[in-house]
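Q: Chain by chain, the residues run as shown.
Number of protein chains: 2
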Amino acid sequence: MHDRFLRACRREPTDVTPVWFMRQAGRYMPEYMAVRKKHSLMDICRTPELALEVTLQPLAAFAMDAAILFADILLILEPMGAPFEFVAGEGPVVNQPVHSRADVEKLRICDPEESLPWVLEAVRLIRRELDGKTPLIGFAGGPFTVASYLVEGGKSSNYQKTKALMWQEPETWNLLMGKMSEVIRRYLRAQIDAGAQAVQLFDSWVGALSLQDYRQLVQPHVSGILQDVMSTGVPVIHFGTNTAHLLEAQREAGGTVIGVDWRIDLPIAWDRIGPDYAIQGNLDPLLLCAPPELAVERSRQLLDQVGGRPGHIFNLGHGIVPTTPVDTVKAVVDAVHEHRCG
Amino acid sequence: MHDRFLRACRREPTDVTPVWFMRQAGRYMPEYMAVRKKHSLMDICRTPELALEVTLQPLAAFAMDAAILFADILLILEPMGAPFEFVAGEGPVVNQPVHSRADVEKLRICDPEESLPWVLEAVRLIRRELDGKTPLIGFAGGPFTVASYLVEGGKSSNYQKTKALMWQEPETWNLLMGKMSEVIRRYLRAQIDAGAQAVQLFDSWVGALSLQDYRQLVQPHVSGILQDVMSTGVPVIHFGTNTAHLLEAQREAGGTVIGVDWRIDLPIAWDRIGPDYAIQGNLDPLLLCAPPELAVERSRQLLDQVGGRPGHIFNLGHGIVPTTPVDTVKAVVDAVHEHRCG
Numbered sequence: 001m002h003d004r005f006l007r008a009c010r011r012e013p014t015d016v017t018p019v020w021f022m023r024q025a026g027r028y029m030p031e032y033m034a035v036r037k038k039h040s041l042m043d044i045c046r047t048p049e050l051a052l053e054v055t056l057q058p059l060a061a062f063a064m065d066a067a068i069l070f071a072d073i074l075l076i077l078e079p080m081g082a083p084f085e086f087v088a089g090e091g092p093v094v095n096q097p098v099h100s101r102a103d104v105e106k107l108r109i110c111d112p113e114e115s116l117p118w119v120l121e122a123v124r125l126i127r128r129e130l131d132g133k134t135p136l137i138g139f140a141g142g143p144f145t146v147a148s149y150l151v152e153g154g155k156s157s158n159y160q161k162t163k164a165l166m167w168q169e170p171e172t173w174n175l176l177m178g179k180m181s182e183v184i185r186r187y188l189r190a191q192i193d194a195g196a197q198a199v200q201l202f203d204s205w206v207g208a209l210s211l212q213d214y215r216q217l218v219q220p221h222v223s224g225i226l227q228d229v230m231s232t233g234v235p236v237i238h239f240g241t242n243t244a245h246l247l248e249a250q251r252e253a254g255g256t257v258i259g260v261d262w263r264i265d266l267p268i269a270w271d272r273i274g275p276d277y278a279i280q281g282n283l284d285p286l287l288l289c290a291p292p293e294l295a296v297e298r299s300r301q302l303l304d305q306v307g308g309r310p311g312h313i314f315n316l317g318h319g320i321v322p323t324t325p326v327d328t329v330k331a332v333v334d335a336v337h338e339h340r341c342g
Numbered sequence: 001m002h003d004r005f006l007r008a009c010r011r012e013p014t015d016v017t018p019v020w021f022m023r024q025a026g027r028y029m030p031e032y033m034a035v036r037k038k039h040s041l042m043d044i045c046r047t048p049e050l051a052l053e054v055t056l057q058p059l060a061a062f063a064m065d066a067a068i069l070f071a072d073i074l075l076i077l078e079p080m081g082a083p084f085e086f087v088a089g090e091g092p093v094v095n096q097p098v099h100s101r102a103d104v105e106k107l108r109i110c111d112p113e114e115s116l117p118w119v120l121e122a123v124r125l126i127r128r129e130l131d132g133k134t135p136l137i138g139f140a141g142g143p144f145t146v147a148s149y150l151v152e153g154g155k156s157s158n159y160q161k162t163k164a165l166m167w168q169e170p171e172t173w174n175l176l177m178g179k180m181s182e183v184i185r186r187y188l189r190a191q192i193d194a195g196a197q198a199v200q201l202f203d204s205w206v207g208a209l210s211l212q213d214y215r216q217l218v219q220p221h222v223s224g225i226l227q228d229v230m231s232t233g234v235p236v237i238h239f240g241t242n243t244a245h246l247l248e249a250q251r252e253a254g255g256t257v258i259g260v261d262w263r264i265d266l267p268i269a270w271d272r273i274g275p276d277y278a279i280q281g282n283l284d285p286l287l288l289c290a291p292p293e294l295a296v297e298r299s300r301q302l303l304d305q306v307g308g309r310p311g312h313i314f315n316l317g318h319g320i321v322p323t324t325p326v327d328t329v330k331a332v333v334d335a336v337h338e339h340r341c342g
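In order, the protein sequence lines correspond to chains Y and W.
All the letters of the first sequence, read from the start, carry residue numbers 1 to 342 under my numbering.
All the letters of the second sequence, read from the start, carry residue numbers 1 to 342 under my numbering.
These are computed hints drawn from the structure, not numbers from a lab.
Here the structure is a predicted model, which is why all the values come from computation and not from measurement.
Incorrect hints may have been included.
[As the list claims (entries may be wrong)] A few chain W residues that don't get close to chain Y, going by computed Cβ distances all over 10 angstroms: (1) 2; (2) 103; (3) 159; (4) 213; (5) 286.
[To be verified] Reference excerpt, derived from the structure (chain Y facing chain W, CB under 10 angstroms, subset only): (6) 36; (7) 158; (8) 166; (9) 167; (10) 208; (11) 264; (12) 269; (13) 273; (14) 282; (15) 285; (16) 294.
Quick reminder that beta carbons are idealized off the backbone N, C-alpha and C, glycines included.
For reference, chain Y alone in the conformation it holds in the complex (with noise of 0.2 angstroms):
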């Protein structure tokens, strides 16, 4: 088995730096855009089928050492009452944002075994057709990030909303992120119980909070679906953007490897996060629409900064944007692969 990128999580050492890119399977392949003529982005998601073969074209076009799971961080929310749909050129847009503690009241705490049967049905597909040769992880949005979706109604720019209803009804705040966390729990959970052998938390837009509100309004939140996860002995990756403030408040939060963004320097993120835990990124994802030579060049800085210390998994600072070339994508897999150090 192909164990490099499971062997990094748990700070083992490898032959070389496990790699893969946060939205590997997407807009910026052919082969995606050849399902997602025929398909929405829904429809590839509620087809086992369909996911199963989004998800597996990063591993035929590039040498990566993990399989994510296709799928989108807000899937609970329709089964928790709240549905939404992707518009284009804006993104998910919320039917009925949720504002006040009836609101809030109405969400429903759903079984995403019995809610969201065919994100299960994926896992147990990829799984069985990957047969063991490249680890599937599974993910998750973290409390704050999904919620902010769900108050805002849709992407915000500062999350005033959000922030509006965590200060101004703190009970219906705790509330609401105590629900959408228990689904969070309940998800993670499930996707590792039909074979995802490691999980992401992709809480990206809590760094929008500061320490302070972090600490008070979020981590308990975050910490109790983490501690519960991390529980079932699978690796968990506890993923931030702009969290360089938040480093040490998320890993006190739990995960066994930390996923940073390409703002902070790798090794001080490691230095300030501790020897105990394993640690992805970082390269940042526009370096992947710069000339190849220089993301080689970049990736390759990165590698030699780390020093081959065991646990760190290379991947990008946040997902691959469109544009992005394939051959780069390839060029940057391979030059890690090729990496020694020295």
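Chain Y is already provided as a structure; the job is to place chain W on it using the hints.
A: Structure of chain W alone, referenced to chain Y:
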């Protein structure tokens, strides 16, 4: 003379902590909206009497310890040869974004004394009107921040075009940053010559860069501006958002005072910046839209954390948002002045 603010810039003891707010003259004030009903933003900037009127509005309404010139960081673009306009709901739109070497070569290193005389006249008018009662802060945008509007054609969420230029054509980038920085340096010098008693460099978007990119491609230019402006002896505030990973590099570039956003704990930031610098910040601006008691409580907590150490200028972590209630602004400003540590 009411000199709390200037004393704090020099880390001298003050009776109470000085306070002013970024964008303190702005859309949240009915007095400002009354002027905007009759005049466009550009009209206000270009008419010294209107700029004076608007600059003084927050001083009449609140006990602010500093005035900040009413202007916009993009004003230098038109005399450089890159006109722009403010489009409702979209923000600034640059008519012909800069993409190539030829575009950058065409940019003029203008002389703000000649090309932006109305800004300097506004500075003189405001100084005369303030008559030594409140110090006046001048300002400019940082070269990366202003360049990002020029290259993207407006606001951006990920600075993809700006980073592409930076990485694909580093010589063109350095030419652009060099021209930009020389104009910014002259512009800040001209504001000081006209009477500004302190200046702030708003490098607001520089936190989108990795530490490595900041050091290699931006810091030398920022340093060139700040070291020259600091040699005048006037306090220089060096501000950015999302810079928890850049604080040491920003300090090295220069500034008498380092301005930090709300994300990082202010005492942690100050420890990292070191005792030879004053610090400005850092309440989350959206807290001014929370219940006023909470905004006041959080302000007091911040002041208690600092413990009255000389060199703290109370401010928000970024500009006031338009939906801010004026009563909360008043409550926070007064609470800062009434606060006694311990």
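Q: Taking the hints in turn, state whether each one holds.
A: We went through each hint and held it up to the structure:
1. Distance to chain Y confirms residue 2 of chain W as a non-interface residue, since its nearest Cβ pair spans about 30 angstroms, more than 10 angstroms.
2. Distance to chain Y confirms residue 103 of chain W as a non-interface residue, since its nearest Cβ pair spans about 19 angstroms, more than 10 angstroms.
3. Listed as a non-interface residue, residue 159 of chain W fails to keep its Cβ farther than 10 angstroms from every Cβ of chain Y; the least gap is roughly 8 angstroms.
4. A Cβ of chain Y approaches the Cβ of residue 213 of chain W within 10 angstroms, the least distance being about 7 angstroms, so the stated non-interface status is violated.
5. Residue 286 of chain W, annotated as away from the interface, has a beta carbon of chain Y within 10 angstroms; the closest lies near 5 angstroms.
6. Annotation: interface hint on residue 36 of chain Y violated; nearest CB of chain W at approximately 21 angstroms, more than 10 angstroms.
7. With 10 angstroms as the threshold, the beta carbon of residue 158 of chain Y comes within range of chain W, its nearest partner Cβ sitting at about 7 angstroms, so the hint holds.
8. A least Cβ separation of about 9 angstroms between residue 166 of chain Y and chain W falls short of the 10 angstroms threshold, and the interface hint therefore holds.
9. With a cut of 10 angstroms, the hint placing residue 167 of chain Y at the interface with chain W holds, because the nearest CB-to-CB distance is about 4 angstroms.
10. About 8 angstroms separates the beta-carbon of residue 208 of chain Y from the nearest beta-carbon of chain W, less than 10 angstroms, and the hint is met.
11. For residue 264 of chain Y, the interface hint holds, the least distance from its beta-carbon to any beta-carbon of chain W being 4 angstroms, beneath 10 angstroms.
12. Taking 10 angstroms as the C-beta contact cut-off toward chain W, the hint placing residue 269 of chain Y at the interface holds, the least distance being around 8 angstroms.
13. A hinted interface residue such as residue 273 of chain Y counts as satisfied when its beta carbon comes closer than 10 angstroms to some beta carbon of chain W; here the least separation is about 14 angstroms, so the hint is violated.
14. Taking 10 angstroms as the C-beta contact cut-off toward chain W, the hint placing residue 282 of chain Y at the interface holds, the least distance being around 8 angstroms.
15. Interface hint status for residue 285 of chain Y: upheld, as the beta-carbon distance to the closest one in chain W is roughly 8 angstroms, under 10 angstroms.
16. Because the closest C-beta pair between residue 294 of chain Y and chain W is about 6 angstroms apart, less than 10 angstroms, the hint holds.
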